[in-house]
Amino acid sequence: MNEFLILMKHELVITFIIFLLLFIKIGKDLKNEVMLLVIQVLLLLNLIAGFFFNQEDVLFDGMYQTTAMIALQKNILNLGVYLISLLFTGWFKKTEHLPEFFMLLLSAQLGMFFLISSGNLLMFFLSLELATIPVAAMANFDLEKKRSSEAAMKMILTSAFSSGILLFGISLIYGATGTISFAELPYHLDGSPLQVLAFVFLFTAFAFKLSIVPFHLWTADVYEGSPIAVTSFLSVISKGAVAFIFMSALYKVFQPMNVVWYNMVMILSIATMIIGNLFALRQQNIKRFLAFSSIAQVGFILVGISSNSIEGTSSVVYFILIYVFSNLAAFGVAAAISSQTGKETIDDYKGLYQTNPFLCWVLALALFSLAGIPPTAGFFGKLFLLTAGAAKGSYIFIGIAALNMIISLFYYLRVVRAMFMEKNEYPIEKINVHFSEKFALVICGAGIVMVGLLSWIYDYIVGLL
Amino acid sequence: MNLSLLILLPLLTAIAILLMRNATQVKWVSLAGATAQFVLAFVLLFAFRNERATGNPSQMLFELQYNWFPSWGISFHLGVDGISVAMILLTAFVVIAGVLVSWNVTKMTKEFYFLLILLSLGAYGFFISLDLFILFFFLEIAVIPKYLLIGIWGSGKKEYSANKLALMLMGGSALVLVGLLGIYFSGGHSFDLLKLSQLNIPVQTQMICFPLLFVGFGVFTALFPFHTWVPDGHSSAPTAGSMFLAGISMKLGGYGCLRVATYIMPEGAREYATIIIVLSVIAILYGAFATMMQKDLKYINAYSSVSHCGFVLLGIGMLTKTSMTGAVMQMVSHGLMTALFFAVIGMIYERTHTRQVSEMGGLLKRMPFIGTVLFIVGLCSLGLPGLSGFVAEMTVFMGSWEHPDTFRRVATVLACLSIVVTAVYILRAVAKTAMGPLKEGFQNLSDAGWNEKLAALILIAGIIAIGVAPFWLNDLVSPGAEIIMKKIAIPK
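So the sequence lines, in the order shown, correspond to chains C and W. The working numbering applies: residue 1 is where the first sequence begins, and numbers increase by one. The working numbering applies: residue 1 is where the second sequence begins, and numbers increase by one.
Treat the hints as calculated values from the structure; they're not laboratory data. Beta carbons are placed, not taken as given, at the ideal position from N, Cα and C, and that holds for glycine. One or more of the hints may lead you astray.
Unchecked claim - Each computed PhoX-like pair below joins lysine-lysine, with the alpha-carbon atoms no more than 25 Å apart:
1) W:439 x C:423
2) C:430 x W:107
3) W:295 x C:423
4) W:439 x W:453
5) W:439 x W:295
6) C:145 x C:31
What the hints assert, rightly or not - If you want a taste of the chain W side facing chain C, the calculated C-beta under 8 Å gives, among others:
7) 57
8) 60
9) 61
10) 64
11) 65
12) 68
13) 72
14) 73
15) 137
16) 140
17) 141
18) 143
19) 166
20) 170
21) 171
Said to hold, decoys possible - Here are a few chain C residues that face chain W, going by a calculated C-beta distance under 7 Å:
22) 374
23) 375
24) 462
25) 464
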């Protein structure tokens with residue numbers, strides 16, 4: 001019993017917070033400001049608690065497993081959620097159903113925790129559903145906006161579709177191997193056509209969640225329609241969680257079929273980078289812009305995953321840590337601007353530096369990090385992904401990835417140019433940034449600069465393997 | 001001497017600039033920082049010479065090694081040889097002159113100086129790093145400052161130029177990156193320059209990675225046909241930006257071609273030498289002829305930079321000790337000269353508000369100091385003996401002539417021809433600007449201020465020091481070139 005409490009500590013703390021919020025909601029209607037403060041404190045405690053008493057073991061006949069690496073991945077997600085609770089203060093204060101929003105958000109996070117820890121396909125499927133359905137409800141949270149419900153509808157339809165495909169794949173795998181346990185599956189996989197077919201279905205489900213091209217079509221619409229808090233949750237936390245489990249599934253469970261999936265990952269990675277980048281070039285809406293840029297980033301993550309090595313795991317985890325800071329900073333700035341002025345296009349950002357230098361520097365730092373320019377951490381993240389991928393020896397692949405870094409720089413610079421260089425007669429007025437938003441942006445900025453330069457962070461990740 | 005000072009000093013200056021309250025404080029802090037860099041560079045020079053005089057034979061001096069990402073085999077490995085010391089001196093000269101020249105910048109002064117100092121940080125780091133990863137890191141660190149300097153403080157079609165520059169340089173870095181990864185995996189998972197130079201990288205890898213690295217670095221130093229960012233970038237940049245771009249940033253590429261591509265992959269260098277020579281001769285001639293057609297002073301200097309940087313690549317491509325020494329000397333000489341040229345153009349533009357040669361005339365009458373500097377820099381550019389340009393180009397030619405084969409002889413002769421063309425455009429531009437009758441509306445122009453005079457004098461001192469006494473630079477550089485040549489001379 002004791003062991004159970006400690007091993008599932010991350011999940012239990014989250015569950016506890018969900019119930020606490022529920023009781024507060026039932027018992028007394030707090031004002032949004034107070035409620036938000038309570039939530040932020042709880043999430044901070046949750047983040048801190050994640051670093052203590054981490055043990056490695058399996059539970060429930062191998063259904064649930066946890067290792068130091070998994071604990072770290074959960075901590076990264078905790079960090080992201082904590083930052084989200086701070087970054088979108090402006091929007092949260094205006095929301096009518098704040099406790100419900102966070103209950104949904106934390107349920108989704110709980111699903112992601114189980115997803116990362118899952119030890120067999122059944123657990124995997126259940127937790128994936130738990131991680132998806134609340135997000136669809138969250139996407140609908142801008143109740144007065146039509147686009148928001150459209151986003152929710154698109155989200156739920158595509159995820160239902162991908163769940164169906166996933167279930168089909170799981171049933172085929174069970175039929176072909178007679179087991180659904182991650183520990184036993186590698187011994188039964190021999191690359192027979194049926195197994196390959198089953199794997200393709202499974203892969204498709206992952207591709208939907210990670211918005212890998214050609215399964216990315218839902219992404220831009222959902223990102224644009226949802227409230228920015230949800231968009232950032234989808235693009236950072238949800239992507240991160242699925243990337244973690246995707247990687248460990250490929251490396252551990254489907255290791256016998258690595259020739260098959262290496263080629264799939266490589267081709268899809270190239271397609272994802274190119275399509276994501278080319279579509280990002282022409283976007284005007286900052287949310288759509290970040291949506292396509294995050295598709296392209298997934299392409300880069302796939303480069304690291306393709307390496308099938310310890311370096312691959314560590315560089316992907318490292319990259320996602322950096323990605324949390326960079327992407328959340330970008331969304332945070334976009335949210336601060338849009339919640340006060342309602343302006344969301346890149347043209348609106350013209351001349352922003354005259355009125356809001358702080359926001360501009362944070363956004364520029366975030367975009368440079370996403371583009372992979374030193375001294376920001378994104379440089380190290382991208383470089384390590386490419387180095388890990390290059391170990392396989394396909395330099396054309398790495399060359400294409402490097403070329404894509406140039407394309408991506410082009411559109412990231414578009415935003416920088418609008419903010420710093422272009423003139424606007426009526427630039428956005430001085431934005432009143434809440435203290436907690438400012439605090440979170442400073443944390444993100446510090447993370448963007450320091451995570452790369454402090455090499456012990458990477459060494460720590462490597463040490464966990 | 002502790003080399004990390006060269007990185008820490010600009011870093012601290014940059015941080016101090018951010019903490020300052022008003023523009024005056026920012027300027028003085030930057031000037032203090034730049035002066036400290038200047039002093040430090042000379043301290044380094046003397047420490048280096050002392051160490052060599054006491055007979056320290058190791059290839060790199062003042063080596064430092066800190067752990068940094070050990071799981072990738074990366075370390076923060078610093079060290080200098082004569083070539084690096086020469087480049088650091090050049091950087092220090094250009095930085096202090098750049099800071100002085102931009103004394104009148106009023107738009108976002110703090111950000112301007114912050115970016116300038118950040119750019120110098122990248123250059124210092126690049127020249128002293130012995131680990132290819134941190135070398136690459138410092139190479140790319142300079143991209144953001146360059147982009148913002150041109151885009152915010154530039155003139156003309158600045159957004160276009162800034163974008164073009166950033167993207168082309170990123171393209172170059174992307175090639176470098178792929179090349180570096182190729183070396184990394186064939187060289188026993190190490191980025192360490194000294195370790196890699198001991199290994200014999202398989203010839204097949206060299207055949208692929210050498211062009212990647214050489215072209216990648218070549219983009220920075222205006223290798224034909226990747227020179228197109230140079231004219232736009234230089235002409236749109238603010239004065240100090242052009243000085244840094246042409247004086248320091250283009251030299252990063254030349255240094256990389258020499259130190260990384262040629263040194264680590266000698267077989268590749270031998271194999272591709274012909275192509276390098278052809279491209280650099282094209283750059284030299286094309287740059288010179290293109291300059292003849294220019295009417296804007298900044299474009300004149302930008303295109304002539306293409307031509308002059310061609311000599312750097314020609315010196316490297318000729319693969320003799322003398323020509324490589326000449327290449328490094330040309331980098332230093334051209335860095336000083338072009339920085340001075342851009343500084344003068346900036347001074348003229350600030351007063352006349354035009355850069356068109358045809359709209360100027362007789363400036364020497366109103367601005368004796370600026371006019372004289374313009375003459376000096378022009379004469380240096382066309383290779384007058386006694387100034388640095390002559391020394392450097394002569395060394396390259398001498399080195400090239402060592403080869404007895406017809407192809408290299410012809411290439412050398414063609415490159416020599418460009419000097420005539422250079423004389424034509426320089427003399428024409430300088431004469432039309434400084435001499436002749438004074439044009440209408442230029443009666444009330446003032447001469448250079450104290451800061452401009454100081455900047456110009458510092459750079460002129462450098463140019464004359466090389467021109468009159470080239471041996472100290474030669475002695476500094478040629479042992480480094482010899483080590484590189486030794487690797488190339490060993491037959492397969």
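Hint-by-hint comparison with the structure:
no.: 1; hint: W:439 x C:423; result: violated (34 Å)
no.: 2; hint: C:430 x W:107; result: holds (20 Å)
no.: 3; hint: W:295 x C:423; result: violated (29 Å)
no.: 4; hint: W:439 x W:453; result: holds (24 Å)
no.: 5; hint: W:439 x W:295; result: holds (17 Å)
no.: 6; hint: C:145 x C:31; result: holds (24 Å)
no.: 7; hint: 57; result: violated (32 Å)
no.: 8; hint: 60; result: violated (23 Å)
no.: 9; hint: 61; result: violated (26 Å)
no.: 10; hint: 64; result: violated (16 Å)
no.: 11; hint: 65; result: violated (14 Å)
no.: 12; hint: 68; result: holds (5 Å)
no.: 13; hint: 72; result: holds (7 Å)
no.: 14; hint: 73; result: violated (10 Å)
no.: 15; hint: 137; result: holds (5 Å)
no.: 16; hint: 140; result: holds (5 Å)
no.: 17; hint: 141; result: holds (5 Å)
no.: 18; hint: 143; result: holds (6 Å)
no.: 19; hint: 166; result: holds (6 Å)
no.: 20; hint: 170; result: holds (5 Å)
no.: 21; hint: 171; result: holds (5 Å)
no.: 22; hint: 374; result: holds (5 Å)
no.: 23; hint: 375; result: holds (6 Å)
no.: 24; hint: 462; result: holds (5 Å)
no.: 25; hint: 464; result: violated (12 Å)
Violated hints, listed in ascending order, are 1, 3, 7, 8, 9, 10, 11, 14, 25; each of the other numbered hints is respected by the structure.
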